[in-house]
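Asker: Protein chains in written order, with my numbering: chain A, 13 to 348; chain B, 13 to 348; chain C, 13 to 348; chain D, 13 to 348.
You may find that some hints are simply not true.
Put simply, identical chains are the same to the list, so a pair is met inside one copy or across any two.
[Stated by the list, open to error] Okay, derived cross-link-like pairs now, DSS-like style, lysine-lysine, Cα gap no bigger than 25 angstroms in a straight line:
| hint | residue 1 | residue 2 |
| --- | --- | --- |
| 1 | Lys149 | Lys285 |
| 2 | Lys214 | Lys149 |
| 3 | Lys285 | Lys103 |
| 4 | Lys177 | Lys149 |
| 5 | Lys149 | Lys211 |
| 6 | Lys149 | Lys103 |
| 7 | Lys177 | Lys211 |
| 8 | Lys214 | Lys103 |
| 9 | Lys177 | Lys103 |
| 10 | Lys211 | Lys103 |
| 11 | Lys177 | Lys214 |
| 12 | Lys177 | Lys285 |
| 13 | Lys214 | Lys285 |
To be clear, the hints were calculated from the coordinates, so they are not data collected in a lab.
4 protein chains.
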Amino acid sequence: MSLQLGVIGTGAIGQDHIRRCSQTLQGCRVVAVTDIDPQQAARVLAGLTLEAEVYPDGHALIQAPEVQALLVTSWGPSHEEFVLAAIAAGKPVFCEKPLAVTAAGCRRIVEAEIAHGRRLVQVGFMRPYDAGYQALKAVLDSGRIGEPLMLHCAHRNPRVGENYKTDMAITDTLIHELDVLRWLLADDYVSVQVLFPRKTGKAHSQLRDPQIVLLETARGTRIDVEIFVNCQYGYDIQCEVVGESGIARLPEPPQVQLRSAASLSSAILMDWKERFIAAYDVELQAFVDGVRAGRVGGPSAWDGLAAAVAADACIEAQQSGAIVPISLPQRPALYA
Amino acid sequence: MSLQLGVIGTGAIGQDHIRRCSQTLQGCRVVAVTDIDPQQAARVLAGLTLEAEVYPDGHALIQAPEVQALLVTSWGPSHEEFVLAAIAAGKPVFCEKPLAVTAAGCRRIVEAEIAHGRRLVQVGFMRPYDAGYQALKAVLDSGRIGEPLMLHCAHRNPRVGENYKTDMAITDTLIHELDVLRWLLADDYVSVQVLFPRKTGKAHSQLRDPQIVLLETARGTRIDVEIFVNCQYGYDIQCEVVGESGIARLPEPPQVQLRSAASLSSAILMDWKERFIAAYDVELQAFVDGVRAGRVGGPSAWDGLAAAVAADACIEAQQSGAIVPISLPQRPALYA
Amino acid sequence: MSLQLGVIGTGAIGQDHIRRCSQTLQGCRVVAVTDIDPQQAARVLAGLTLEAEVYPDGHALIQAPEVQALLVTSWGPSHEEFVLAAIAAGKPVFCEKPLAVTAAGCRRIVEAEIAHGRRLVQVGFMRPYDAGYQALKAVLDSGRIGEPLMLHCAHRNPRVGENYKTDMAITDTLIHELDVLRWLLADDYVSVQVLFPRKTGKAHSQLRDPQIVLLETARGTRIDVEIFVNCQYGYDIQCEVVGESGIARLPEPPQVQLRSAASLSSAILMDWKERFIAAYDVELQAFVDGVRAGRVGGPSAWDGLAAAVAADACIEAQQSGAIVPISLPQRPALYA
Amino acid sequence: MSLQLGVIGTGAIGQDHIRRCSQTLQGCRVVAVTDIDPQQAARVLAGLTLEAEVYPDGHALIQAPEVQALLVTSWGPSHEEFVLAAIAAGKPVFCEKPLAVTAAGCRRIVEAEIAHGRRLVQVGFMRPYDAGYQALKAVLDSGRIGEPLMLHCAHRNPRVGENYKTDMAITDTLIHELDVLRWLLADDYVSVQVLFPRKTGKAHSQLRDPQIVLLETARGTRIDVEIFVNCQYGYDIQCEVVGESGIARLPEPPQVQLRSAASLSSAILMDWKERFIAAYDVELQAFVDGVRAGRVGGPSAWDGLAAAVAADACIEAQQSGAIVPISLPQRPALYA
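Please model the entire structure based on the sequences and the hints provided.
Answerer: Printed below as a string of structure tokens:
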């Protein structure tokens, strides 16, 4: 039998996941939706010619007997409330990032899940499901380059709008690296420092761009992440792991190689949505398959908390210019 | 409603497609299977914990009312018979290559389909569904490199067994290029010549390896395909289109870039199954989606015939050393 | 003591060699020059602020006692005459290609040199002195890719003038491959066939462009060379050797890698003069060093003859469309 | 007339330069040499079959009337003394790095040169003469990537001996970047910070390896240089300039591309001497040509001082872990 999903929030990412669950994934179907604007929820269903119940609010949907698992894709500040309700109902829940808008909120979810006794929550960090990062981790775990000593990373966007503020470089951009690099290294951050290079002339007046974030892990690995959200030339994600005996680099997306007009070239993506599109499918299929098999895996509430704690420290480091410690409590047994 | 599929032949490729239709694709399910060895068919179902009817033979399965469309994955020489039966029953049929083991057989299928009045047959050529070939075709069709003048291609396998004979370089290996290059160029072959370079010491005594196949198209484009099935180093598919103002090359599969032991390297696949694995999913999903939407697209019976006619000429060219003409009848309106 | 050189012919390549010998190389100086237009010779000396004797003609210059070795850079049809005179005078001679405009002329030079008893002639084929070809030959000779079975080559120019005729694709373009591939493989050609793909719309009306030349060697290695002299995009020399266990490819010239405007790119040269500029220095320094050490090496009169014989066959193959045999006499002991 | 050179110090680099001036460069010859061990000097001349006067010490050689310009290739601590003597004698001097072993020593040379009134000193930093760095600077200066905002660099060696101490990562390794990056950016350093990642297990017990040096320039450009002298895999110099609208990367040395044993690879150099070998020729030829033309260019005494001042700050930053300011006096008019 297909897993029956309820979706809370039918904005852009919600719609995308509803379409995904209906048209791409196996073993699931959307049976219930809700949105702060119920007409919007109905329009989304109509647009996809999908039959599902429209509930007046998230709590009603969570309680609905036909809903076996939840997708929380509502406005960020509401995530915590709905995830806690899902845990209270004992229903598995896939929550888009952020798990909660504060580390304290993440901690409450972790505590609720521990009280429940087993994992119910998967956080929507999709990069660990990207084939490139998985290949990179396979090289790392094979021992072919020895222990990792340094990571050189970059997260670049062609441009951002006026609403993008300096701290969003952490909460909206770096947050992906904060998650995926912990997973890649199986290690935790212990400190962070942020450098501000000369500002690009292409950034709006309120935004400091680019930035360089320097992280240190518990095992002493040093990570530098260049964040440059007005780089003009493309959406470009780089990750290079320098190990004791070799270096491994995240694959570039495959592209036709061209010889044309005095140039040997291949295209660079301009749109971030194309870069990890396959990873979204894989991540959500993994959630569905896991729930059907009686277990929830992938990025956990603990990982969500770790990212939130690190992000808070990064923002403090942006403001103070100092080296800021990052301290996570002892890892609970549930997340071992 | 899911499309209800019947599968004729549960050998390696049949099993693979049954698994694909059951676990990966959307909108279909396998409801009936048959195999020359009925116990084999039952074992395959059991192995996949799949419930479906096991029929005593292909014809019974084709007639079964619950079967809405067919997958023919039986022994090659039986393809023609089952495809003709499917057409007679008016049921869409996806037939693994070869469509028939002779050009005459393909012609009978084409004629049956024309008599039926609309397309029912999709041939299992998966390369046009590969993201790399699609990107290459997009560049070509964009006009960025002008009209195509030459194609330089290679089809290399690490090694083959004793059972692989010289003509299988055409029927089992080149057949993929014969299909995909016609599609890429939207052009037909008019002649072929085969060269035999110095034989590799790695090939068994009965096999001439490598070979170079030189094709000419109706528009005068020249194609050279190196076939080298004991190249040792990897499974490597190359395709370079030289146009009037530039050159476009099929993407290499994405790989981690390594700096290690005095070498900057990336892996080359050794197993052909990994190279086009995603294309198999896309091709079969396209069949399912098409049938559900009331049309059959993709590689047609006409394409299957064109490949068979070209392959026959290639084998004649292998044997004679001469330039052999390739002539296809006028393209029927059904395949315009 | 510096080697005292006399230069016959002060056109473009002559001037270039005079400058090279005066300003770049070690161990030589130009002491005598001549040109069909003596004022041109004087102007070249003046332009380089160089003091050297201007002789009324090549024969006078060859006889001049202070001239120890010759550079023949005059009009092609005069090469044979001056090289024969140099041999008669017992003076080492570096002759720009072609050694002679006919194979018969080359044969007369070979015979004269054999009669003289030791090598005096170096032909101006510079590619064997290119660092890239040398690296490629080193890989080949190391046995790392096994015996060579096939070569896939390309010789592309952005465009050519109206004066460039179809047979110049052989005499002016392919001639470099005819020389360097023999050297690379240490093998001789036995047959040639020429294919004419669909003509590019960028070529003038009298020129068939592109062309594909198919060569076979005595050991059975098959070579395909694409010649495309209106490829628009760049001056691009490609050479790929397919061996029994691996493939080696001529290095691309080093270039800055750029990420810009949705493209990852590196420049392709547009001007052929930049591509082998270093090789010209190395080739002529080798001649100078050799003569000073009492021996002449590098491309020999025999190599010049071999290239001429192959070129004649290529032109016949252009005209006949047939497979044309290439037969070279037994290699004389002098050139073993 | 050839420039007559005197060479002080006939150790490894001295011998190399003597050979270079005698056998490779144009327009110079070595007429005088000296070494702390005069027999060593004589042996070097004999080994190169070179006739030159052996002087008892550097001062005698500097005073010798036939010596028109000096190469100082003696033990580092003696450089200052000989360069000052050359300036006092009014003779141009090419001094291998370091110009002096202390910033104070460099300052004394700068002052002496200013007092003399025009440039006489070229410091032996060869990277600005490397074709790769020159191509990178050309891209930067062309404006194609906009203003430089960040540089990501690496300087890696396969391994170092027991005698290599932590501060030599600055004085022997980073010193090249300290010079070439100032030249590349036409900018000065204002601060430095050093990070120590987890130590590689391949480094000897007294050495902290790798290190990351973070430099800031007057215009705000941020530079990170990874120094990793036991990276095992190769001698690898990386330099990537991130500009406002694009990124330019130092070319990799050209190498044969291999497909072999499941790998697409190209060689990485293991020996640093091969990497910049051509640059040594170019740098010294530039010195010779400059002196003959009446001017000294290239890396100046001021550049030597700037590198020394920056290196001192780097070492302080290694020890303190703090951000250390780098302050250079006002640039004198002589070096504008």
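Asker: None of the hints should be skipped; say for each whether it holds.
Answerer: Evaluation of the provided hints:
1. Lys149 x Lys285: both (23 angstroms within a copy, 22 angstroms between copies)
2. Lys214 x Lys149: Between copies, since 22 angstroms is at most 25 angstroms while 35 angstroms is not.
3. Lys285 x Lys103: Answer is neither; intra-copy 29 angstroms and inter-copy 39 angstroms both fail.
4. Lys177 x Lys149: neither (32 angstroms within a copy, 33 angstroms between copies)
5. Lys149 x Lys211: Close across copies (21 angstroms), not inside one copy (33 angstroms); limit 25 angstroms.
6. Lys149 x Lys103: Neither, since 31 angstroms and 47 angstroms both go past 25 angstroms.
7. Lys177 x Lys211: Only inside one copy: lysine 177 and lysine 211 sit 14 angstroms apart there, 37 angstroms across copies, limit 25 angstroms.
8. Lys214 x Lys103: neither (46 angstroms within a copy, 50 angstroms between copies)
9. Lys177 x Lys103: neither (36 angstroms within a copy, 59 angstroms between copies)
10. Lys211 x Lys103: neither (47 angstroms within a copy, 46 angstroms between copies)
11. Lys177 x Lys214: within (14 angstroms within a copy, 43 angstroms between copies)
12. Lys177 x Lys285: Within. Shortest intra-copy distance 21 angstroms satisfies the 25 angstroms Cα cut-off; inter-copy 47 angstroms does not.
13. Lys214 x Lys285: Answer is within; shortest intra-copy Cα gap is 22 angstroms, inter-copy 39 angstroms.
Violated hints, listed in ascending order, are 3, 4, 6, 8, 9, 10; each of the other numbered hints is respected by the structure.
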